[in-house]
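J.: Chains as they are written, first to last, in our numbering: chain A, 1 to 358; chain B, 1 to 358; chain C, 1 to 358.
Just so you know, the hints here were simulated from the structure itself, not pulled from any lab data. A hint or two may mislead.
Chain copies aren't distinguished; within one or between two, either way the pair holds.
[What the hints assert, rightly or not] Calculated pairs, SDA-like style, for lysine to any residue (alpha carbon to alpha carbon, straight line, at most 20 Å):
hint, residue 1, residue 2
1, K245, N196
2, K166, R83
3, K97, D121
4, K245, G86
5, K97, T80
6, K334, W134
7, K97, V317
Single-letter residue listing:
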Amino acid sequence: MGTFIRNAWYVAAWSKEVGRQYLTRRILGEPVLMYRKEDGSPVALLDRCPHKLAPLSLGELKGDIVECGYHGLQFDCSGTCVRVPGQPQIPPAAQVKSFPLVERYNAVWIWMGEEALANPDDIVEVERYRMPGWDLIDGQYLHFKSNYLNITDNLVDPAHTTYVHKNTIGNAAGENVTVKVEQGEQHVLAYRWIENAEPIPLAKKMGDFKGLTDRWQYYYLLMPSISYVDFGTVDAGVERNEENKNRGLRSFSYNFLTPETENTTHYFWLHVRNYQTGKPDIDADVTKLMTLTFEEDMAILAAVQQAQEETGVREYVRLGIDNAPARIRKMVDKRIAAEQLAAESNVPITRAELQVAG
Amino acid sequence: MGTFIRNAWYVAAWSKEVGRQYLTRRILGEPVLMYRKEDGSPVALLDRCPHKLAPLSLGELKGDIVECGYHGLQFDCSGTCVRVPGQPQIPPAAQVKSFPLVERYNAVWIWMGEEALANPDDIVEVERYRMPGWDLIDGQYLHFKSNYLNITDNLVDPAHTTYVHKNTIGNAAGENVTVKVEQGEQHVLAYRWIENAEPIPLAKKMGDFKGLTDRWQYYYLLMPSISYVDFGTVDAGVERNEENKNRGLRSFSYNFLTPETENTTHYFWLHVRNYQTGKPDIDADVTKLMTLTFEEDMAILAAVQQAQEETGVREYVRLGIDNAPARIRKMVDKRIAAEQLAAESNVPITRAELQVAG
Amino acid sequence: MGTFIRNAWYVAAWSKEVGRQYLTRRILGEPVLMYRKEDGSPVALLDRCPHKLAPLSLGELKGDIVECGYHGLQFDCSGTCVRVPGQPQIPPAAQVKSFPLVERYNAVWIWMGEEALANPDDIVEVERYRMPGWDLIDGQYLHFKSNYLNITDNLVDPAHTTYVHKNTIGNAAGENVTVKVEQGEQHVLAYRWIENAEPIPLAKKMGDFKGLTDRWQYYYLLMPSISYVDFGTVDAGVERNEENKNRGLRSFSYNFLTPETENTTHYFWLHVRNYQTGKPDIDADVTKLMTLTFEEDMAILAAVQQAQEETGVREYVRLGIDNAPARIRKMVDKRIAAEQLAAESNVPITRAELQVAG
């Protein structure tokens, strides 16, 4: 399981969660304090006073200044100590680590790595975001009691849907349909078409299919733990092009995984769809269905995590369906090794390395 | 504390607990899944898919076939994988460990060791089971927060009854009566007669003693952790033979201990008695009394276990009453060492060794 | 964090807590059993039978004799085994550790170190205890989820009151007033005067100050973990002598810290004051206010303890206000080292060393 990739943008919170009240959340194992400045821009600091380690979140926010609740040390938004009560000289070590933040897609993205490498251009692009004809559900959060790589395994693994999600987004027609895998420098794609099949429960409910259907599952996993799934259903036999796909029932499901600890993960998700748009009731239905689906994953992955911790083993047998998960893990391992080498040699990792890590 | 003896029959469950719904129970530290085949015979498998370690119990039972709830791998009752969805070749390593089971005395007995050595003849004989004139109580279960050897200590230790069970099966008359010990190849027996004593509370309630009594406690402990206690009361001074004993108030109490973990134990018990037979009310009374008695043991043994874990010490002073417990532990240690030697040398332990381990 | 100073008097309990019912409390990591003999004098024994480690507190008190609830071993008040049922010879190792106790100030003081060094004269003197014109609150107890030295840090640290206790005993006037420190052989004193300041909330409520005030905080910390605070308010500008101080609003707050474990501490406190005396309502108010104040400390110190355990670090930056805490820790470390040396060399620590450890 090792450590985490630090030089990457992770979702730290939904924008709505960050305000003038402190928000605290553990990210990559570290306690992070978030708030908004009086001008509305978000700030993230390590939630730990460098004096006696009291959580800064137990103190007060005074304007843009964070004041420790133990002895009143004050820190600005960069984490620099600007006041020690009763002591004119401020020790240089009285510094709190701050983290770059970028707000995009209603989410606050955090960079836990080398500050110099934090480039907002590297944040994943959410296609069709607020595009006419496509409806958005966002602001969703789940807490997984599992290492994030068990979840990325799952998110490039169409095969599990037949079993884990038989009541929601899978059905028996997919059982024997092999998954194909493609790989880029920063991503892995696992996909398959299930042809001439009964529509899945979701398609029956939301669509208007008279007979059998073809449906696709394209699972993209971007380094280190951003997933999006292009998921759709069309009438069986229609030509496979973007136009026809967009005429079918189609959705893009984005899952932003942020490791909390080695064993737990924050799971932020948003969803873009082209069907039943402009209907709050359907938004609620889809949200409920997606939540149910992810909770099915949560249950099985928590059990897998427990068994892994107990045995110290991750898997005993590798199957064909593990091709994509194995590629992801290899890419992640390679990047972690590069970061560790950089840390040991004191030669910072380069932006080029970040972009060609696969 | 070390490990467990594996080559032995342990009670895994009462028969009534095992059906077409999965039953899961940790035994000798391992998660075990139990169910009945369509023909009614019981099956036990390790509750862990060899693919990604998901508990098989989260999936479905399809006929006699166990299907993993994660990716649909299917296993037969021997634990052999018979299907990997989407993949024609089944990897040979896709094998789940299965455990021999035997059903006897309304209980399902499991063999966690070398399959070749599993011989149902080695299951303990419950004397007077369903014999006319003797009533049976069975199906009883308690969970002890204690290593099983602390419980076997207790079960060859008549001396504790005076103190731990002063409200139920002991009284002050036994305080100074020395315990005698005999040992066979597979068992230890600790026993004593308490003579010319007030009847204990149980005997007063269930019997019809006019004056003082003689009572006996014969505590048998069979390797590794099967206890039975021959317990009875007769009028003081009558000749000690089987006929007179059976005319007195007599019971046989069987306790089948199955280690759950190093620190916890499953405690299955049944009880055979010759008094107040055919009366469901009395059955309920005896069950209540026995349960109360064992709960007295549970409390003290949980406290002992905690103190042992905290100090890393099992006992500071050895007393005369520890003779039988010490013999049991020595027999168990010897057997565990033999099993470990067999495991290391790849020369399986023999049935002869199992039978002469004392 | 290391270990504890053993050769010192700690409060084990309030007198009212110790009676003919067993009281158990963990002290310096060890389980201690306390009770009163029939003549009313208190006894403390290690709560662990030397036979199989059962807690003696699960057994019965018979007269002055402690009887184990497992096998009936009996121990006198010195911890010597006086009976093993069923066995005439008592093994010499059947000995329970006993601890010297002294009853003073309505509290039972325990000595966990070398018995020969236990001298009741070394118990701290509580000045003005039951003196006319001064009211007493005692019998108070709080449980801190923090190592005791984080609490002693806090108890020689007037600076934290401005922040942690801004709603009770501190206010902003103290923010920049430097703390002075003095040190003796057995104590550290941190103190300051806050001059020409608004009265604090407590003084406003309890006193009758027309204008600004001078107030003092004298924090004494006696080895290893006895704190008392001389705390008072007078009209601004009056001459600083005992007579004037006693005419002001004055209190002495005693905090007797007894380490429970490395991470938790028993916090016994009593309070002596010269204002609003003879009024049970005010006693209740003061008790409530003090409890509230200490609970403010509890919250921040529990968070500090957690951060220390997580990081393995106690502090990153040392400030001027840490002068007194650092002296305390140095004195404690030195004493612990002396005790360890004595233990290793088998040359007992001397009373002289105990008294000049600073």
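J.: May I ask which of the numbered hints given earlier this structure violates, with the numbers listed in increasing order?
T.: Hints 3, 4, 6 are the ones this structure does not satisfy, whereas the remaining hints hold.
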